[in-house]
Amino acid sequence: MITDLRRRLTIETPEGVAFTIYLAGPFTRFLAWLVDCLILQVASWFVYGIVAAMTPIVGNMGVAVLILFFFASSFAYRIGMEWRFRGQTFGKRLLNLRVVDSSGLRLRFSQIVIRNLLRIVDAMPLFYVLGGVSMLFSKRHQRLGDLAANCVVTYLPDNETPDFKQVLPGKYNSFRDYPHLEGRLRQQVSPQEADLLVQALLRRDSLDAAERVQLYQELGRHFREKTTFPDEATVGITDEQYLRNVVDSVFRGKR
Amino acid sequence: MIIDLERFVAQEQPYWDELQSMLNRMEQEAGAPLGLEDIKRFDYLYQRTASDLARISTFSAEPTTRRFLENLVARAYAEIHETRHTRDRLNAKQWILATFPQTFRRHIRAFHLTVIVTLIGCAFGALVVATDAPAKGVILPFDHLHGNPSDRVAEEESVTEDRMKGHRSQFSAELMANNIRVSITAMALGMTWGVGTLILLFYNGIILGAVSLDYIASGEIVFLLGWLLPHGSIEIPAILLAGQAGLVLAHALIGFGSEHTLRERMRVVTPDLVTLIAGVSLMLIWAGVIEAFFSQYHEPYLPYSLKIAFGTTELIMLYVYLARFGRGDDRASEASREMVTAGTPTQ
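Residue numbers (the numbering used here), protein chains in the order written: chain A, 62 to 316; chain B, 14 to 360.
Keep in mind the hints are simulated off the structure, nothing from the lab.
Quick caveat, the model's predicted, so the values are computed rather than measured.
Cβ atoms here follow ideal geometry from the backbone N, Cα and C, with glycine treated the same way.
Be careful, since some hints might not be right.
Stated by the list, open to error - Output of the computed footprint for chain B on chain A, the stretches with three or more beta carbons under 8 Å from beta carbons of chain B:
| # | region |
| --- | --- |
| 1 | 72 to 86 |
| 2 | 113 to 126 |
| 3 | 158 to 164 |
| 4 | 172 to 179 |
| 5 | 208 to 216 |
Could you put the whole structure together from the sequences, leaning on the hints where they help?
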């Protein structure tokens, strides 16, 4: 079994269907915050440059503009971005994070404003200590602003459907000649085992060669024990091919 | 049993893609109305995708497809089940003439508490200055308040040139930014169950009480009123309103006597907090302009009577505004808030 250490929030719809959203942890959120701070810093230099160039014309008004810009941008940037891009700033976008309502509903403007204004308390006494402690102890990784605004920050999965061409055998599956054994195999393989098998094959290229051989060997041994196919069906095929045949037999179903 | 995933995906993918493109369109064009046929189709696609998710969760553990469907269902769920009233565009006139004063009155008890705490602070500050004058140097944060008030008045009235010339705008911007930051802090400290908000209000009261008694005891009451009233008649109530927002937040957090859950309580007060803090910010922008461009000028530049009359007029107008505006709509506004609570889904 693959153990998923990420915290999650499960929401059950009135239709009786449950869906899970993955909650972003403090470290990822810190990185997104850092990216946003860098963007704000660059914007500040840019505005400062413009105002400095215009000082001979606008005089002291330029300093006033700068003071108000620095103050407002610290709140307005995040509020504006999260409102315009449905819970995402540039930093969150880069790290695949999104602020959502904790009941799965649409995020409202007032929620965005409150979660961002309450950064003042989260940042106390310095460097977001209070917010960080709150996130560590909160079941949903919420800082105080999130708690007040009923928000959670979620991790967005890659929005792609799986590519089964990577997993399926690609050539003739010798198990197909034994439909009764394929049927027994389907009955004996649990969804969790099938999941493990698909993941092992999907991640083929990211595994070290020696470790991949060992992993496929162990998995092959495990699945060979489930159902014994005749030698004619298994002779001469590698462990990897054996596993691809298993995936094909399990997921193909009866046609 | 494990479903034939490849065939399942091939068969259902067109519906998922259609739902995804509808969602993208709805998210990009927020507020754009959907036709009846589009709504029916959207509902059908949502139901179908939710049912696909249920099937895949039951019969297959394949995680990538499940995550894809979960993400799709989550997005569609947010669009379909959001029952809270959404205002497409802010009606500024309605907000100023009714929403803000109504919100203030709805939480009037919290406001009364902020006034009481500030007055206790004032009394404490006055007592400290009356009994231990040197303590003024400790409790007052500004250097120009540490000396003898009469000396300061004499100095201010002897000025022959415009000291603020050339940096009025900067001073005004500094005041606005600082006061708005303090107000947001007063509201945000509501998350400390209101303790932080009360301490901040109490401390503000101490400063106000200490300065007032110091000037009154020195016989400079006219100067004090002329100096403080023009901006203070807006600035001090603004800080009290920010404290009110903090106490509203604290009340929702503690939930004493409420039958609603924490999340329901927070959902109800969040728009009110935004309204209050937005109103406070507008008040403080006005106060910042008045303080920099008007309050800092004394006799012989500006007669104290004019400044006092101006400040008093502002205070009366603020009272009338907060107490009277939008009064007829109070019940409708309360009913709309109750709908927010009733429409809150549970998990």
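Each hint tested on the structure:
With a cut-off of 8 Å between beta carbons, the region 72 to 86 of chain A has 11 residues touching chain B; three or more are needed, and the interface restraint holds. Requiring three or more residues with a Cβ within less than 8 Å of a Cβ of chain B, the coverage given for the region 113 to 126 of chain A holds, as 6 such residues are present. For the region 158 to 164 of chain A, the stated coverage by chain B is satisfied: 4 residues place a CB nearer than 8 Å to a CB of that chain, which reaches the threshold of 3. Interface restraint, the region 172 to 179 of chain A with chain B: holds (5 residues with C-beta to C-beta distance below 8 Å; minimum three).
With a threshold of 8 Å between beta carbons, the proposed coverage of the region 208 to 216 of chain A by chain B holds, since 4 of its residues qualify and at least three are required.
The structure agrees with every numbered hint stated previously.
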